[in-house]
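Q: Use the sequences and the hints to build the structure in full.
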Amino acid sequence: MTSITQSIQFIPIGYYLFFCTMLFCIGVTGVLIKRNALLILMSVELMINSINLLLAAFSTYLNDPAGQIFVFFIMVVAAAEVAIGLAIIVVIYRTTHSIDIDILNKLKW
Amino acid sequence: MPSLLIALIPVFPLLGFLILGLGFNYIPKKFTSVIGPGTVLLSLTGSLIVFFHLLTGGGSDTPNRIVTNLFNWISFNGFSVSFSFLIDPLSALMLLIITGVGFLIHIYSVGYMKDDPGYNRFFAFMNLFIFFMLLLVMGAGYLILFIGWEGVGLCSYLLIGFWFKNQEFNNAAKKAFIMNRIGDLGFLLGIFLLFTTFGSLNYLDIFTRAQDMHPGTGVITAITLLLFAGAVGKSAQIPLYTWLPDAMAGPIPVSALIHAATMVTAGVYMVARSNILFVLAPATLIVIAVTGLATALFAASIAIFQNDIKKILAYSTISQLGYMFLGLGMGSFTGAIFHLTTHAFFKALLFLAAGSVIHAIGGEQDIRKMGGLGNSLQKTRWVFLMGTIAIAGIPPFSGFFSKDEIFSSVFVHSVPFWIIAVIGAMMTAFYMFRLYFLTFSGKFRGTMEQKQHLYESPFIMIIPMVILAILSIVGGVINVPGFTGGSAWLQSFLAPVFAGSILSLKAPVYALDHYTEWLLAGVTIVYVGIMILVAWSRFLKKKPEILEDLVQNFFLPGLISHKYYIDEFYDTLFVRPIVSLSKGFHEIIEKKIIDKLVDGIGTLVIRVGNTIRYLQSGHVGFYVFMMVAGIIAILLFNLVI
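Protein sequence lines correspond, in order, to chains G and P.
For the first sequence, the working numbering gives the first residue as 1, with consecutive numbering after it.
For the second sequence, the working numbering gives the first residue as 1001, with consecutive numbering after it.
Worth flagging that the hints you see were computed from the coordinates, not collected in a lab.
All of these numbers come straight from a predicted model, not from anything done at the bench.
Glycine residues also receive a C-beta, built at the ideal position from the N, C-alpha and C atoms.
Some hints could be false.
To be verified - Computed beta-carbon distance windows for the label pairs: (1) P/Ile-1631 x G/Val-90: 27 to 33 Å; (2) G/Phe-73 x P/Val-1598: 51 to 57 Å; (3) P/Phe-1637 x G/Phe-18: 23 to 29 Å; (4) G/Leu-32 x P/Glu-1590: 52 to 58 Å; (5) G/Thr-96 x P/Lys-1592: 54 to 60 Å; (6) P/Lys-1592 x G/Val-91: 56 to 62 Å; (7) G/Val-91 x P/Leu-1639: 36 to 42 Å; (8) P/Phe-1637 x G/Phe-73: 26 to 32 Å; (9) P/Val-1624 x G/Val-90: 16 to 22 Å; (10) P/Ile-1594 x G/Val-77: 54 to 60 Å; (11) P/Phe-1625 x G/Val-90: 21 to 27 Å; (12) G/Ala-87 x P/Phe-1625: 22 to 28 Å.
As the list claims (entries may be wrong) - Residues of chain P placed beyond 12 Å of chain G at every Cβ, according to the derived structure: (13) Val-1067; (14) Ser-1080; (15) Lys-1114; (16) Gly-1218; (17) Val-1287; (18) Ile-1394; (19) Tyr-1455; (20) Gly-1529; (21) Gly-1584; (22) Lys-1596.
A: Here it is, written out as structure tokens:
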């Protein structure tokens, strides 16, 4: 199997780093700008996936399988979190018939 | 002699105070009537046991004194004080006076304060006072003495202002405490100097070291002057005496116990205790003698023109204390202590009898409105007469012997002083008999309603007075002077205490021959008798003139009847500047600066809060944005630092 990692390592790590950073920033921008709650959740997923990719890249380049094991953990947690997030959105829709976060402003002074 | 017994003597009144003080809302009056005097009775028993133990020579190698070490109180770095008691003839005698007279006054108070709502509080404070006074006389060093000194000042304040709903009484209590404190400043400085000079505050250490010192050194003079300053405040001498007449605002038992028999004698005790130090400073002895004589004369002159029973007795107390200090200044320590003892008897008696009169007449204290009470108040009248004769110094009553002893020592040192002292004695006889005649003889000058309500005091008040009267009559027997063939027992009893100083005195104290002593005694008796006759002729007529004509027509009596305007003088000199200073502080510093500062902080918090609350907009997107911004800020912060 060393030939696969060796062939992957022909691509410098900098490309992976840059790519994941861009994905992360796009995710963050999505969270901040979007008004649709579902789209915010998707942006969060985007952020998580960018981190997963980065972890996997680093584990290949450093020949340490721990990074990929951690990716499994993250996927599990992400799945649970999405389940809960979607459940909350369903309940909000049932009470307010909208998933626009601009109208959810009752936590004010 | 088990040290437990000695340690227990002050503990009983302390327990009485704690029980009555903590439970004054719950304890029924019947219990207080037992607990209050009972604790003092227990202390009296202990004092009697200790006294007889000392009389029979003790059993240890120092038969004249017992030192009881209770516990090591302060000890660090070269300064160590142990809480210990010293029982020697002087303190044993003082113990008997305090607990004996104190017990009689407690019994009297059971009757006098019967209807007072603050009954429990009264006995709690009285017991606390006895505790502190016992500490004062039993202490083995100046620090324990000072604890008792301050404590009795506190109890004096509490008891003078006992009826605290009256603002005048509260002012009198404050005045007493503050004037005491002024003297205490001098006393404290004296204690500091004592420590730096002798390295210890223990009597035995200091006195043994002082034996080797030369008389007249500056340090000893300074120490003794400062200690005497404390005595001036506590024992109401010139210039710190004005609190004592005002202190008559307290109940009669308080005046009898604190301001006649015990607290005001603490200064005399302290000087007698430190006799070695005072003998080493002849300049201070002169100051003491002059102050004492001046006070004796001054107060006696004021007493002649007073019209309130209690105030006459108060000025009389100041005057007699002046005589005690005169005796101390002349080196007659035994004489001063003897006069202290007899004065405790007859002055307490006079105050209690005055209380009986005030009780009977329903609260009136002005003798211009009394008169002829002797018919209705036979027992009170007789005991009051006994006290008056004793204080005037007629033999064989006790007052004669104690005054004669002091006068003999004064005559040895300086005849002019003796003449002035005899003039003071004549004034004493005059005003005391004026008081007696105006109160008990002649026609009643009060209202008909008061006359119908006149009744003799109950037995519980009469018996202590009778006991004190008996003591005033026969009390002189403890020190009948040698020239009349007596044994001068008190002199030999107290000799070990004053032994160290008798050797250093410049002029021997008891150097008069018998002929001179008989002559002095005779002269005094004759002049005193003349004054009594003058008083009798003036005040026992059908319409006695109560000196109002003198007051209105002549300048000097008018001045004296206003107490020489000393109170007004102190008011202008000290009280008003301090009050206006306080007002200035209040208006400027308190209101404009400190209040503004504290209020400003509060206003600042409110304003900041009003600004920051807009952060809570409720908008979820805004919260997420702030969260992201915060995380970025933390990351940058970690990068930079």
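Q: Run every hint past the structure and note whether it holds.
A: These are the hints, each one checked on the structure:
1. As the Cβ distance of P/Ile-1631 to G/Val-90 is approximately 29 Å, the hint placing it in 27 to 33 Å holds.
2. A C-beta distance of roughly 56 Å is found between G/Phe-73 and P/Val-1598, which places it inside the suggested range of 51 to 57 Å.
3. In this structure, P/Phe-1637 and G/Phe-18 meet the distance hint of 23 to 29 Å, their C-beta atoms being roughly 24 Å apart.
4. Here the CB-CB span from G/Leu-32 to P/Glu-1590 is close to 54 Å, well matched to the stated 52 to 58 Å.
5. Taken as a hint, the range 54 to 60 Å holds for the pair G/Thr-96 and P/Lys-1592, whose Cβ atoms sit roughly 56 Å apart.
6. For the pair P/Lys-1592 and G/Val-91, the supplied restraint of 56 to 62 Å holds, since their beta-carbon distance comes to about 60 Å.
7. Separated by about 41 Å at the C-beta atoms, G/Val-91 and P/Leu-1639 satisfy the suggested range of 36 to 42 Å.
8. For the pair P/Phe-1637 and G/Phe-73, the supplied restraint of 26 to 32 Å holds, since their beta-carbon distance comes to about 29 Å.
9. A C-beta distance of roughly 20 Å is found between P/Val-1624 and G/Val-90, which places it inside the suggested range of 16 to 22 Å.
10. At roughly 58 Å, the beta-carbon separation of P/Ile-1594 and G/Val-77 lies within the given 54 to 60 Å, and the hint holds.
11. The supplied range of 21 to 27 Å is met by P/Phe-1625 and G/Val-90, whose beta-carbon atoms lie about 25 Å from each other.
12. Range check, G/Ala-87 to P/Phe-1625: Cβ separation about 25 Å, and the 22 to 28 Å hint holds.
13. With a cut of 12 Å on Cβ distances, P/Val-1067 stays outside the contact zone with chain G, its closest approach being about 75 Å.
14. With a cut of 12 Å on Cβ distances, P/Ser-1080 stays outside the contact zone with chain G, its closest approach being about 65 Å.
15. In this structure P/Lys-1114 is separated from chain G by more than 12 Å, as the shortest Cβ-Cβ distance comes to about 67 Å.
16. Distance check for P/Gly-1218 against chain G: the nearest CB is about 76 Å away, which clears 12 Å, and the non-interface claim stands.
17. Residue-level check passed: P/Val-1287 sits 77 Å from the nearest beta carbon of chain G, beyond 12 Å.
18. Distance check for P/Ile-1394 against chain G: the nearest CB is about 92 Å away, which clears 12 Å, and the non-interface claim stands.
19. Distance check on P/Tyr-1455: its Cβ is at least 78 Å (rounded) from any Cβ of chain G, clearing the 12 Å threshold; non-interface status holds.
20. The claim that P/Gly-1529 lies off the interface holds: its Cβ sits roughly 96 Å from the closest Cβ of chain G, which is beyond the 12 Å cut-off.
21. Against chain G, the non-interface label of P/Gly-1584 holds: every CB pair exceeds 12 Å, the least being about 46 Å.
22. P/Lys-1596, annotated as away from the interface, keeps every beta carbon of chain G farther than 12 Å; the closest lies near 30 Å.
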